[in-house]
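Undergrad: We have chain A; now place chains B and C onto it with these hints.
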Amino acid sequence: MSQPTPIVQPLLLQFQQLFFLSKLVGVLPQDLTKFRFKNVLEKSRNGMIYMLGMLMLYIVLYNLLIYSFGEEDRSLKATQSTLTFVIGLFLTYIGLIMMVTDQVTALFNQGRLGDLYERIRVVDERLYREQCLVDNSTIAKRIRIMLLMTFVFELFILLSTYVKLVDYTQWLSILWIVSAIPTFINTLDKIWFAVSLYALKERFEAINATLEDLVTEHEKFLTWLNGDDRNNSIEEHAAVESVSQPPQYDTNLEYLYKELGGIDVGSLRGSGSKGKNKVAPIAHSLNSFGESIQSPRKLQQSNATPMINMAHESELSNATKVEEKLNNLCQVHDEICEIGKAMNGLWSYPILSLMAYGFLIFTAQLYFLYCATRAQSIPSLFRSAKSPFITVVVLIYTSGKCIYLIYLSWKTSLASKRTGISLHKCGVVADDNLLYEIVNHLSLKLLNHSVDFSACGFFTLDMETLYGVSGGITSYLIILIQFNLAAQQAKDAINSFNSFNDTAGLVGAATEFGNESSSLFDLVTTTMMTPLN
Amino acid sequence: MCPNSWVIEMALHKELLHPQLNPRRIRPVNQAFMRSTRGTNTLPANPVFADIQTILSVLKATGLLPIYEQLSSFELGPPTKPNEFYSFFVRGVVHALTIFNIYSLMTPNSAKLFISLRETDNVNQWIELLLCIFTYTLTVFVCARNTKSIIQVMNEILKLDQEVLRQFGIALSNHCNFSIKFLVLIAACQAYIIFLRINALSGAVSPTTYILIGFYAIQNGLTATYIVFASALLRIVCIRFQFVNQLLNGYAYNRLLGKNPRQLQLHMDKFPEDSLYIYRTHNRLLRIYKSINECCSLIIVCFLGYSFYTVTTNWYNLFVQITSNKGVISSHIMQWCLAWLCLHTSLLTLLSRSCGATTHEANTTSQILARVYGKSKEFQNIIDKFLTKSIKQEVQFTAYGFFAIDNSTLFKVSYTPISW
Amino acid sequence: MIQVMNWLSMAIGLIPLNRQQAQSNFVLDYGMMVIVPCLYLSSYLGINLMKSFGLPFLDACNSVCRLSNNLFMHLGAFLYVTITLLSLYRRKQFFVDFETRLAEIDVVIQKCRRVAELDKGRAQAVKHSVAYHFTWLFVFSVFIFALYYDSKELYATFGEYAIIPFMVSSFPYLAGSIIQGEFIYHVSVISNRFEQINKLFEKINQEARHRHAPLTVFDIESEGKKQERKPTPAEKAAATKAIYSTDPKLADELKAQKALPTNQQNELNTSDEEDEDIFDYNEGMMEENTGTTSEANLPDLFKLHDKILALSVMTNGEFGPQCVPYMAACFVVSIFGIFLETKVNFIVSGKSRLLDYVTYLYVIWSFTTMVVAYIVLRLCCNANNHSKQSAMIVHEIMQKKPAFMLSNDLFYNKMKSFTLQFLHWEGYFQFNGIGLFALDYTFIFSTVSAATSYLIVLLQFDMTAILRNEGLMT
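Residue numbers (UniProt numbering), protein chains in the order written: chain A, 1 to 533; chain B, 1 to 420; chain C, 1 to 474.
Just so you know, these hints were derived from the structure itself, not from any lab. Don't take every hint at face value.
[To be verified] The following label-pair restraints were derived from C-beta to C-beta distances:
1. Q265(B) with V122(A): 17 to 27 Å
2. E104(C) with V104(A): 55 to 65 Å
3. F402(B) with V34(C): 49 to 59 Å
All C-beta atoms in this analysis are idealised placements derived from N, C-alpha and C, irrespective of residue type, glycine included.
Isolated chain A, as found in the complex:
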């Protein structure tokens, strides 16, 4: 079946802009020229070196940033509550860790990523052979929208923070730009994942749509069959059953086909949609010899052109033929599931780090916002929390990334589960013993195909996890705020006591209490401090 010219456009064609951008900032090490000319991702030593260089550069810059902005923190350490300080300390490097995880994983996976897309291409080809068409054009649009959103969010957060909250009279403040790098790179990497996942989901949905189309076409066929005269219907049966035999095609049936025309307009949709589909065919080759690209089975039928429509109509009533198709669809389904698993494997560590990052940053940002509203000092790297509006944008950006991934993986696994239901519909509508057997058999297989996305097996990526995580965030937030309140009360008490101590000291000095007073103060201090601590 392998032909010199590819039957379908590779998915990667849609990724061009994203690839150039990620190549530029060092998210992916793969070869640029190969991608440009052949649309394949291949290992490249130069790319690796470039990427490592970028990685080093980022790390150095980020450390510089932390160092230069850390000055304020060190002076502030005394005034900060220990809790805030510790949280700041833990979270300083988490962005960097996330970025490094992404890049290192990309380095390790550089060979396998290409294979993944190659497998998707093979799947596309097989799907195309089953006349199941996938529209890739939306993917490019999606990528563009996502890139745009990323830029908007990053720039907004960066600029507004820079303008509002950073002292930009110093030249060192330019370094603040570096603070956006980890999230930006992480987002680029995640766009790859999200879009590929979306592509998988589309493939699942294409399979489902094909099955549903089979059902609707058969339903139409049945209604037509029932609506017609009784005496005709027998003939039609004959016609249907012998549809692949050209000799039967005579004047008697021609009139039937004409009558069929009315329905054909509807059912043509199946074949007509080929035109607008983008994966399919490299455009002109379809128009010139559209049918001939397909499998030989179709070729046989194409010599009697009006019969194709008829074949569409009765595809489900021919059990043996449909068996092959269903078998193939089932295999493709399995293959997509496998690809999903492989993809999940490739990105498992980045996703884990992203989720950890999302959880921690979300909690921390809210906590720092609370601190900022209480006019407490917060770590300088999280200065965006000083303004509620920027905080909201940051939160939307961070949580949007996480939730979108979770939502997509949930939807994908739902789509994969949907296939079984659609398959059964085929069986029910055809109401044929042989077909039932086929369907039952395949359905059992489908039950055993599983695609569930998880982060290293630690937790699955579905909405229930989101529910749990949101609960976790709230409870941690409450705990943190309570700690903060307690610490603040303690500090206030100490401060007031200190001032009281000072005044009392003055009074003591004035009235010359001497040693007794100080010992008294010590006593008071200990008694007051013990319940507080």
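TA: Frame of chain A, contents of chains B and C only:
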């Protein structure tokens, strides 16, 4: 071993052992499992458990495992009377020591043990010690009770291997070398901890304290060793599952894409026969898996509890050390905590990984089977039956039915200390 | 009762007017749906921007009262805005779709009833039990009480301008509850259809019990056929293979049965299939058997079941997202209701009228929303159980091996297909709030456990100092 020598060796081997058997075809798929047994003429004493021989002998010497008899290369017999008595004796000594230990903990003498850490931490230390003692005692008890079933499990594994060898001429290797590494790690950690402890002791040290410390370390070490042994067993089962899966994978559609119909037909003809074997093996493996679970789960639960507790308290200590405003981090406590953490984290990881891997392999079988597409009716029926069976049957290695042990457990565990 | 609710929801602009007619005046339909939210938004913004007509801006309102009132108001705004947006997004296409599909389903059900000869008189009049009426009465009275209390208090405070604070205090919760009521209505319709199907299945099941006799006859016959057919060369290969694999298979089966009592029927059936699928029965036999009895319904019923499930997927897709803010609001209001009641009202009740009012508002609405949420969960759970029950009955039928099944592979395969499809459905669908949580009793458990942990945290919070500051406590 050179990769292509096994073919010849296998042939020889088969002739020697079972000349009556028709040599089966040789699959390229199973490359991974093809490792010649060591030499053809002299079979090793115990080919299957050769990898974990060291750990076995340690456990045997301490009475945790029975000192079984080697009946033939694929069968184990119950221990002889003197050996049984020896195990019994060792266990008795252990229990006596435990009682002595608890007694001395009650006396003020034990205060020496806790001096090393901060004053307020004593309760934690107490609980930790008691947990350790409890875990070890439980291990000894459970092991004593499960003597027979352990031997049975080992026998089953051996029988399975024998069958594999007869049918396919493949001796499964075990890749259990990690057990020795872990043994060394455990010993090193415990020795280091003893060293730290003794180092921290000041003043005159009574011999009772030495005994206490030594016994405490031995308890810890042996419990850990038992966990490693359980992991090794799981790994062995996992490899068997993998073998079954590989065998089945040979029939999956994506392996057969390139072949022409005739070859396909020929290939598929052997499927019913093979599938039978596969189903049977799978069922047996599941049974083995379950019985291992039954044998070990109580110990594992206990160990997990102990381990979580230790990990949490050590993290807490480290945290306190880091955040204390004094700025001086006591290197002694750091080393102490790190040693404990290193030991327990690695053990937890090992356990959850091997459980997770085995569970995964066991559950993959049905998925692979779903990839087999047979043309004719019987094939489909054969496949259907297994798939129907496996729909609702998720295999899991549970900790005494409380929870399944795999990565998600690890996640929850690391999640709880944070919230504390 | 449902009519009343529908009118009410049309009146406050939650569902389009003329929702069941595809063709009608667009402006008329959606007018109310735009006016009411505008009214709400204007009063909400008016209160928050102009700082008048709101409870928090009264002098009598102390800090606790202000905080809780603000929370109530903003929570209500969140609830109302999300719900209204989703309702606007839904349009009436959904209602039209729902009704047409329901009509289709009903037609088929009627047909099946006729075939099954269920007595029509009883079935037609949908008899509601006492509990049904009582529930509706209870819910209505609770709502009326809540609204009455709120409006009375507000009227006492604000006089004729009471409508403005009323719009931001009680109205959002009312709207949310009514939308949930719509959800309840749709789910109850679905659940009702499931019940009817189950009745039909049950009928078949009973008939299968009566007509058990032919089984033995067929077995003998098939045995005979088996003997006949074996020698033919074409079947030889297959037959040998069958022999080859029968014994171990049986052993396997026995094992499996021991291990898995739940799957027993499946296993048994597979073995049946093996015996049978060698033979091809001609179509005539089937007609002879099924001409007059209700098992002819089976394919229709299977299709129906599938359709109703598809309908519930649609309904859930429409109403599920609205469930999430409602449940969240219910959760928060309940927690704060308990908190205020225990920490404030027990201590200082009767000191400040406004504070009492706010506290009671929380308590009343937490109770009301909880009732509605419970009914939602209950009905969703019921619908789920009913759909599950169908599969159970089919399994039962398969176990009984009625004549029509043994005589014909088609029926057997159909039923197997149905049960398998149900397995797929089980994995695919359950009533849920956009996947975040399943709408059944487990949700109650999870919320209660979450609520306790929050309450523990909240109840530790020391209110006495604040209350003392406000002069409510000495």
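Undergrad: Does each hint hold? Answer for all of them.
TA: Now for the hints, and whether the structure bears them out:
1. The beta-carbon spacing between Q265(B) and V122(A), approximately 25 Å, falls within the hinted interval of 17 to 27 Å.
2. Distance hint check for E104(C) and V104(A): the Cβ-Cβ separation is about 57 Å, which falls inside the suggested range of 55 to 65 Å.
3. Separated by about 56 Å at the C-beta atoms, F402(B) and V34(C) satisfy the suggested range of 49 to 59 Å.
The structure is consistent with each of the numbered hints, conforming to all of them.
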